[in-house]
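Residue numbers (my numbering), protein chains in the order written: chain A, 1 to 434; chain B, 1001 to 1422.
If you are wondering where the hints come from, they were derived from the structure by calculation, not from laboratory data.
Idealized CB from N, CA, C, for every residue including glycine.
The reader is advised that the hints may include incorrect statements.
To be verified - Partial selection, computed: residues in chain B whose CB lies under 7 Å from chain A:
| hint | residue |
| --- | --- |
| 1 | S1028 |
| 2 | V1141 |
| 3 | N1336 |
To be verified - Derived lysine-lysine pairs resembling DSS-like cross-links, with alpha carbons at most 27 Å apart:
| hint | chain 1 | residue 1 | chain 2 | residue 2 |
| --- | --- | --- | --- | --- |
| 4 | A | K262 | A | K356 |
| 5 | A | K329 | A | K294 |
| 6 | B | K1418 | B | K1228 |
| 7 | B | K1059 | A | K294 |
| 8 | B | K1228 | B | K1246 |
| 9 | A | K136 | A | K262 |
| 10 | B | K1246 | B | K1231 |
| 11 | A | K429 | A | K329 |
| 12 | B | K1162 | A | K73 |
| 13 | B | K1418 | A | K329 |
| 14 | A | K429 | B | K1318 |
| 15 | B | K1318 | A | K31 |
| 16 | A | K31 | A | K17 |
| 17 | A | K73 | A | K389 |
| 18 | A | K329 | A | K344 |
Listed below, chain by chain, are the residues.
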Amino acid sequence: MTMTDQSYVRTQMLGEKAPPVSNVGIIGWMKNNLFSSPLNIILSLLAIAAVYFVLAALLPWVFGGVWNASSLKECRAILLEIHGEPTHRACWGVIHERFWQLMYGFYPSDLYWRPNLALVWLFAAIAPVLFNGLPKKMLLVSVAFPFVAPWLIWGGSFWVPVMAFMGFVVGFLVHRFASKMISPLMGIIVGVLATLLWWLLLSSPMANLFAGIVPLAIEEVGSRQIGGFMLAILLGITGIALSFPIGIVLALGRLSDLVIVKALCVGFIEFIRGVPLITLLFVASVLLNYFLPKGTQFDIILRVMIMITFFAAAYMAEVIRGGLAALPKGQYEAADALGLDYWKAQRLIILPQALKISIPGIVSNFIGLFKDTTLVSIIALSDPIGWVKLIQGNAEWNGVIWELYGFVAFVFFLFCFSMSRYSMYLERKLQTGH
Amino acid sequence: MSIMTTLTDPPKASFRLSMLLYDTRYRSTTIQVIVLIAFMLGAAWLLNNVRVNLALAGKDFNYGFLQQVSNFDINQRLIEYSSTSTYGRATIIGLMNTLLIAVMGCLTATFIGVTVGILRLSSNWVVSRLATVYVEMFRNVPVLLWILLIMGALSESLPQPKDFRGDEPSATMSVFDSVAVTNRGIYVPEPLFSTGLGDIPVFWNSFEISLDLMAILAVLFAGLMIGKLIKTRAIQTQAATGELPKTGLIRLAIVVIPMLIVLWMLGFYLGYPELKGFNFQGGTRLGNPLLALWIALSLYTAAFIAEIVRAGIMAISKGQSEAAGALGLRPGRTMNLVILPQAMRVIIPPLISQYLNLTKNSSLAVAVGYADITSTLGNTTLNQTGRELECILLLMGCYLAISLVVSTVMNAYNERTKLRER
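The shape of chain A in the complex, shown without the other chains (with noise of 0.2 Å):
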């Protein structure tokens, strides 16, 4: 009896069956996804229905909109002439006729260069960070940025930059020498104090006399004339760039073992989250005058950043404690194991790790502060939605809600978006664990 003659028995494989029509393709994918069972066969019909109905009266409305057109009265009638009756669509006239005032305020149209050049210079600036491989020498543009972006954009002597950047030259100087004569502690106190003094005493000064030798100057623009889209971004980057540093000495405080630090930072952090942006904004606008010496008198956008930049280093401080908090504590171990003091360890090991940690947080903070920056159109500054109330108030164009409205959520979501998109892709870009 041998196994080999029992004819039964299938020796070769046959071949996979096609699934049934039902479960593959578009039908399967209907039936698995939209279709699985009574519920969801309801939820789908309900979920389509909406979608159909809000789409049948939104596309109409936007794509059917005017364009041309200078006044609300004259797009009604455009609207009336070729429907023949009453009927609700957009009148897309008021951001074609209005576009540059949104986007800049009152900015001098032959200067918008000057502001587009700054957000370019930013991205430049900022691409170290971004993507690695540059040239070092691509960090001058950075270190540049922080004193020709203010020039760019309010104009006024090319001097006055120079010599606030002056100021860190003069502390750095200061700080070596004091470092090597005396100690590194008195170094850096030392150098801090001659760049204050620098700039408090010595910058306009020497700013007046260059300039008295060598005029070089470009147009002055007054900070109210700065508004729209601009502003919100000017207040926004500002805000997140200066709580930067600002934030990361929060939070280590916040962690310090030195209690009145730690009471102050704490303190500080927690005054700042516990009150709404628009209250700091009354201080920035009635308050801050106050607190400064007699006869102080500056500009509100600079009272409304300082204010704002308070603001952002309460969360900022936060974001960044989570980032430390997330480290493993074998890695401040390691620290003191090298011998590394305090400062060498929080730059070399703990700071590093810490904030790449923050990064995605920083951002969705980030994205927070940009939507906060509208507050300001309570305090009177011409924000774009400042300026949706400024349009509204015209004559021609009274009336007018859904349109500016519109245009401006849609502007905002675009910027957001692609932010929160793109931290996400940070986030998956710096996960090096496993």
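Put chain B on the given structure of chain A with help from the hints.
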């Protein structure tokens, strides 16, 4: 032996001034003293500036203005107020309005947020995509824009009171002619008592507490307490005999029947809104600012809560839902009994900060003219009295107090639901 002692014991050096800076034993104290002195100098400088500037402006710092007559009207209020009331009372009205919008907003935002968060995880493609669109749409547009947009929508698209007039009105009241939806707000029936107990004044006649409300609350509370007692007894019975007595109906009856009796004794009836002259009279009016703020804050915060809920649910390992499935629980019960109770521990801490955000965002009421505390104290009172310092400090103090109370309460709750680790 003597060599050992010399090696281990450091030489007793006398104290030198430079040790304050270089010796780690003293350095932290030195730094702290320097920081403290710098802080106090800075604070003194700021306070001195304030003193000088106030003196220059001919002002002093006192809260006496809170006793003065306010001369402005507030139409959305929870307690009696008129333009002859004081600024202090206007502040309290504002505070109550802030709390009202915060409580209403938190409730609806939680409801919408949890629903959307669960829907986002649905296996139904259309539903989960729709939930995603909702979340992204609201998260990425400033809340102030939503408030203004909804405010505009309410006052533009809803019918005017005059549209309700005439034989063939273009607008009609909804829900059995009891609710009027107009562009000046929504009018809903108000509860009234024909044989009510009246009010008693408290706090030196500054507030009135409705005895009717007190009676209803007392009966409700007593009913709930007795219901809880019955439930505890039922669980004890189950532990002893293994059978759970059915108590649902009894517990319902214990709350509902006494309530009906009290309402009947107080002569409860509903006051319907009626069109008189140019506007609706009677009923409770929910003004457009309140509605716009409520809807916008709820929808905006709900988008964030949805993300928190989703993250919380996803943090629960798949083994849990598989185990529940193996026990034969249906998906709905799996969610309610297994997933959500565990996800709550992940959800609650960020949820607390969303509630605080909502409360702080309610300060945007000032943009639509809802009389919250920012609007009454930080805007109208400040502009009328010119007391910037006092008003803004009091305003910040109120918000700090609210934040502190909310986070204390919610942290206590968090502590209770937290996983106990041994």
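Numbers of unmet hints, in rising order: 3, 5, 9
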